[in-house]
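Read off the chains here:
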Amino acid sequence: MKIDLVVDARFKSCPGPLLALAEAVSKAKPGQKVKLLATDPATPSDVREWASSVGHRVLEVKEADGVYEIYVEVSG
Amino acid sequence: MVKVLLAKISIIVASDKLDKLYPAITLAGTAAVSGWEAELFFTFWGLLALRKGYEPSEVSLDYQEYGGKLAEAFASGSLPSWKNIIAQGKATGKLKVYACSTTLELLGLDEKVLETFVDGVVGAASFLGKAKSANVTLFIS
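Chains as they are written, first to last, in our numbering: chain R, 30 to 105; chain E, 215 to 355.
Hint data in this document are derived by calculation from the structure and do not stem from the laboratory. It should be emphasised that the depicted structure is a prediction, and the values quoted were computed from it without experimental measurement. Note that the Cβ used here is the ideal one computed from N, Cα and C, for glycine as well. Take these hints with a grain of salt, some might be off.
Have a look at the derived ranges for each label pair, beta carbon to beta carbon [unchecked claim]:
1. E:ASN298 to R:GLU78: 20 to 30 angstroms
2. R:ASP37 to E:GLN278: 29 to 39 angstroms
3. E:LYS297 to R:SER104: 24 to 34 angstroms
4. R:PRO59 to E:SER295: 24 to 34 angstroms
5. R:VAL35 to E:GLY337: 39 to 49 angstroms
6. R:VAL96 to E:ASN298: 22 to 32 angstroms
7. R:VAL35 to E:LEU320: 41 to 51 angstroms
8. R:PRO59 to E:SER340: 36 to 46 angstroms
9. E:SER355 to R:GLN61: 21 to 31 angstroms
10. E:SER295 to R:ASP94: 21 to 31 angstroms
11. E:TYR277 to R:ASP37: 29 to 39 angstroms
12. R:VAL35 to E:LYS326: 19 to 29 angstroms
13. E:LEU320 to R:ASP94: 46 to 56 angstroms
14. R:GLU78 to E:GLY337: 33 to 43 angstroms
Listed below are the simulated DSS-like cross-link pairs for lysine-lysine, each with C-alpha atoms no more than 25 angstroms apart in a straight line [said to hold, decoys possible]:
15. E:LYS222 to E:LYS326
16. R:LYS56 to R:LYS31
17. E:LYS308 to E:LYS297
18. R:LYS56 to E:LYS266
19. R:LYS58 to E:LYS308
20. E:LYS234 to E:LYS266
21. R:LYS56 to E:LYS326
22. R:LYS56 to E:LYS222
23. E:LYS326 to E:LYS266
24. E:LYS308 to E:LYS326
25. E:LYS283 to E:LYS308
26. R:LYS56 to E:LYS231
27. E:LYS266 to E:LYS346
28. E:LYS346 to E:LYS222
29. E:LYS346 to E:LYS326
30. E:LYS297 to R:LYS56
31. R:LYS58 to R:LYS31
32. E:LYS304 to R:LYS58
33. E:LYS231 to E:LYS266
34. E:LYS344 to E:LYS234
35. E:LYS231 to E:LYS297
Modelling step: build the complete structure from the supplied sequences, incorporating the hints.
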């Protein structure tokens with residue numbers, strides 16, 4: 030998967046990761062893919078809820094050693 | 215195509231303490247970036263937090279033993295500053311901040327002392343008019 034942008038929100042607590050992602054996505058172009066790195070375990074469900082509200086697509090969520098990688102495709 | 219979502223949250227904030235301001239602006243800021251309309255109405259001691267240059271640093275009296283933990287969270291950057299959350303919410307155009315007119319008068323404050331992110335000084339009826347269409351309403355004190 031080609032990633033256009035990486036947002037590193039590791040060690041940030043809610044609402045840090047979501048706000049960092051929302052900020053990045055607001056400046057991204059439709060169709061671009063953003064990878065969010067986070068350690069707050071609330072982040073995957075928060076991102077899914079946010080994405081369904083604003084219309085972006087969560088492509089994949091991975092977790093390794095306590096770090097979540099969340100891939101989001103920016104909608105048009 | 216971004217989905218239009220007609221959701222709205224209205225929160226009355228009645229304290230200027232960290233532990234009261236954060237839940238309010240976390241919800242309002244998150245709502246705003248999620249496409250919700252979000253309104254914050256600052257009344258009584260909440261109004262003190264709208265003065266220019268105010269940075270919340272104290273926790274409520276009952277929980278001061280945890281003040282150090284919060285200070286650590288801010289120093290490490292794990293919690294965003296409250297001004298940044300408000301700025302990000304305002305940047306969406308969805309977050310509105312109102313100051314209570316009666317409190318302004320009670321505390322002898324001039325509107326000029328309020329932060330520029332304040333959208334207006336309003337009374338109870340005006341806030342009710344805005345809040346009546348909200349799906350979520352909270353009073354945080």
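Tested hints:
The hinted window of 20 to 30 angstroms between E:ASN298 and R:GLU78 holds, with their beta carbons roughly 21 angstroms apart. Checking the proposed 29 to 39 angstroms range against R:ASP37 and E:GLN278 shows it holds: the Cβ atoms sit about 33 angstroms from each other. The given range of 24 to 34 angstroms is respected by E:LYS297 and R:SER104, whose C-beta atoms sit roughly 29 angstroms from each other. Range check, R:PRO59 to E:SER295: about 31 angstroms between beta-carbon atoms, so the 24 to 34 angstroms window is met.
For the pair R:VAL35 and E:GLY337, the beta carbons lie near 47 angstroms from each other, so the given range of 39 to 49 angstroms is met. Between R:VAL96 and E:ASN298 the beta carbon distance is about 23 angstroms. The supplied range of 22 to 32 angstroms therefore holds. Evaluation of the 41 to 51 angstroms hint for R:VAL35 and E:LEU320 yields a pass: the beta carbon distance comes to about 49 angstroms. The hinted range of 36 to 46 angstroms is satisfied by R:PRO59 and E:SER340, whose Cβ atoms lie roughly 38 angstroms apart.
Remark: the range hint 21 to 31 angstroms for E:SER355 to R:GLN61 is contradicted by a beta-carbon distance near 42 angstroms. In this structure the supplied range 21 to 31 angstroms holds for E:SER295 paired with R:ASP94, their Cβ-Cβ distance being about 29 angstroms. The given range of 29 to 39 angstroms is respected by E:TYR277 and R:ASP37, whose C-beta atoms sit roughly 31 angstroms from each other. A beta carbon spacing of about 43 angstroms between R:VAL35 and E:LYS326 contradicts the range 19 to 29 angstroms that was offered as a hint.
At roughly 54 angstroms, the beta-carbon separation of E:LEU320 and R:ASP94 lies within the given 46 to 56 angstroms, and the hint holds. For R:GLU78 and E:GLY337, the hinted distance range of 33 to 43 angstroms is satisfied, since their beta carbons lie about 35 angstroms from each other. This hinted pair does not check out: E:LYS222 and E:LYS326 have alpha carbons roughly 29 angstroms apart, beyond 25 angstroms. Straight-line distance between C-alpha atoms of R:LYS56 and R:LYS31 comes to about 18 angstroms, which keeps the hinted pair within the 25 angstroms bound.
Restraint check: the Cα-Cα separation between E:LYS308 and E:LYS297 comes to about 16 angstroms, which is no more than 25 angstroms; the hinted pair holds. Simply put, R:LYS56 and E:LYS266 have alpha-carbon atoms about 29 angstroms apart, too far for the 25 angstroms limit, and the pair is violated. Under the criterion of a C-alpha separation no larger than 25 angstroms, the hint pairing R:LYS58 with E:LYS308 is consistent with the structure, at around 21 angstroms. Proposed proximity of E:LYS234 and E:LYS266 is supported: the alpha carbons are some 19 angstroms apart, at most 25 angstroms.
Restraint check for R:LYS56 and E:LYS326: not satisfied, since their Cα atoms lie roughly 33 angstroms apart, outside the 25 angstroms limit. Our distance criterion of 25 angstroms between C-alpha atoms is met by R:LYS56 and E:LYS222, whose separation comes to about 24 angstroms. Distance check on the hinted pair: E:LYS326 and E:LYS266 sit about 9 angstroms apart at the alpha-carbon level, within 25 angstroms; holds. Between E:LYS308 and E:LYS326, the direct Cα distance comes to roughly 23 angstroms. Compliance with the 25 angstroms bound is thereby established for this hinted pair.
A hinted pair counts as satisfied when its Cα atoms are at most 25 angstroms apart, and E:LYS283 with E:LYS308 does not qualify at roughly 32 angstroms. For a cut-off of 25 angstroms, the pair hint linking R:LYS56 to E:LYS231 is broken: about 33 angstroms separates their Cα positions. Among the hinted pairs, E:LYS266 with E:LYS346 is inconsistent with the structure: their alpha-carbon atoms are about 29 angstroms apart, more than 25 angstroms. Simply put, E:LYS346 and E:LYS222 have alpha-carbon atoms about 10 angstroms apart, close enough for the 25 angstroms limit, and the pair holds.
Between E:LYS346 and E:LYS326, the direct Cα distance comes to roughly 29 angstroms. Violation of the 25 angstroms bound is thereby established for this hinted pair. A hinted pair counts as satisfied when its Cα atoms are at most 25 angstroms apart, and E:LYS297 with R:LYS56 qualifies at roughly 20 angstroms. With a CA separation close to 14 angstroms, the supplied pair R:LYS58 and R:LYS31 stays within the 25 angstroms bound. Between E:LYS304 and R:LYS58 the alpha-carbon distance is near 21 angstroms, which keeps this suggested pair within the 25 angstroms criterion.
Pair hint E:LYS231 plus E:LYS266 holds up; C-alpha atoms about 16 angstroms apart against a cutoff of 25 angstroms. Between E:LYS344 and E:LYS234 the alpha-carbon distance is near 22 angstroms, which keeps this suggested pair within the 25 angstroms criterion. Proximity of E:LYS231 to E:LYS297 is assessed by CA-CA distance (about 14 angstroms); at most 25 angstroms being required, the pair is judged to hold.
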